[in-house]
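Just so we're aligned, residue 1 is where the sequence shown starts under the UniProt record's numbering, counting upward by one.
It is worth saying that the hints were derived from the structure and are not from the lab.
In this text, all values refer to a predicted model and were calculated from it rather than measured experimentally.
One should not assume that every hint holds.
[Claimed, not checked] Derived Cβ-Cβ restraints for the label pairs, each shown as a range: (1) Thr332 <-> Trp127: 29 to 39 Å; (2) Glu124 <-> Leu181: 20 to 30 Å; (3) Trp127 <-> Gly179: 35 to 45 Å; (4) Ala318 <-> Asp193: 17 to 27 Å; (5) Ala318 <-> Gln150: 39 to 49 Å.
Where a beta carbon is used, it is the ideal one built from N, C-alpha and C, also for glycine.
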Amino acid sequence: MDAAAAAYFLGGAGDEITLRANERAWRSIGWLPRVLSTPTQVDISTTLLGQRWPTPWLVAPMAHLRLAHPEAELGAALASAVQGAGFVLSTQATVPLEAVADAVRAEPQRGPLWFQLYPYGGREDWWRLAQRAQRAGYEAIVLTVDAPLQWPSAREQDAGFALPPDWPQPNLPAAAPRGTLETLLGCALRWDDVAWLRRRLELPLVLKGVLHPDDARRICDHNLGDALIVSNHGGRVLDGLPATAQALPAVLAAVDGRRCVLVDGGLRCAADAVKALALGADAVLVGRPVVQALAQDGARGVARFWRHWRDAFQATLALLGCASPHETRSVTLIPMTDATPHRHAGDAEDE
């Protein structure tokens, strides 16, 4: 990637406190395993939204992947499918959603194929795009609920980042809102919008961007979604939010098993995913490591990344005495005093 594209993918809001905290929080978790309990085999498949899948991880929705590599979303999705990982396609993808679905659906070992919806335009615009995704074969709609306002990070501004003219965005339901602050606030998504979309969707609805346990409880109590993703948008929207590893336990307690709960933000290695599952998450979404792998070697880089991730995940489960992801919930977790960030700093989770 050139410097401007790297600034876009790597930057965070404000002073990037949340961006750094995401990664550090996973590093601050350790474990105390029992000995002489090594399983004879390890099965890493999992169940999400009533279906069995090869792995408990998906690629987080990320916009403009063509900036990282010409193979863009198509290459990342196909490589992920071949390696059993799920994929969440961003509304701001540079490839038509139908092309990605056509490339991925027939892969026998693939993970879930979900479509992330940004609520641009009006309700009918969202509905038409959701129907389009359903016709193409996507299995859930992921509604981003934590980004009513967005602006460039300091890194982007310093690097002079801007999308090239005539940049392809074939999946936008409508133009992104522009104008005064009052105009933008008037376009912000609200609870009644979520309820409206929920009533009309045939596909499962996943709400992405939940941090507060009261919001999680409301989603469950009023049946506003089939699953939720604990996410702070990778620290890209509002600085000062808690790390997702810190927010996850309270959200899980509020949900109390009534919905699937996924988490993203700062996950840099397979051990981080094991920690998320040990805390109680059903699956994780991974952002920056995938875009970095894509930038390095296109689809081959993404496939190589997931192979290493899978091997490390299986080995970690075996060393912890776990025969499956679900068994990680019995692992004793302990605080670690050395929470030095991973050598790949930052967090470009999500768009």
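Comparing the hints with the structure gives:
{"no.": "1", "hint": "Thr332 <-> Trp127: 29 to 39 Å", "in the structure": "violated (47 Å)"}
{"no.": "2", "hint": "Glu124 <-> Leu181: 20 to 30 Å", "in the structure": "holds (25 Å)"}
{"no.": "3", "hint": "Trp127 <-> Gly179: 35 to 45 Å", "in the structure": "violated (24 Å)"}
{"no.": "4", "hint": "Ala318 <-> Asp193: 17 to 27 Å", "in the structure": "violated (45 Å)"}
{"no.": "5", "hint": "Ala318 <-> Gln150: 39 to 49 Å", "in the structure": "holds (42 Å)"}
Hints 1, 3, 4, counting from the list given before, are not met by this structure.
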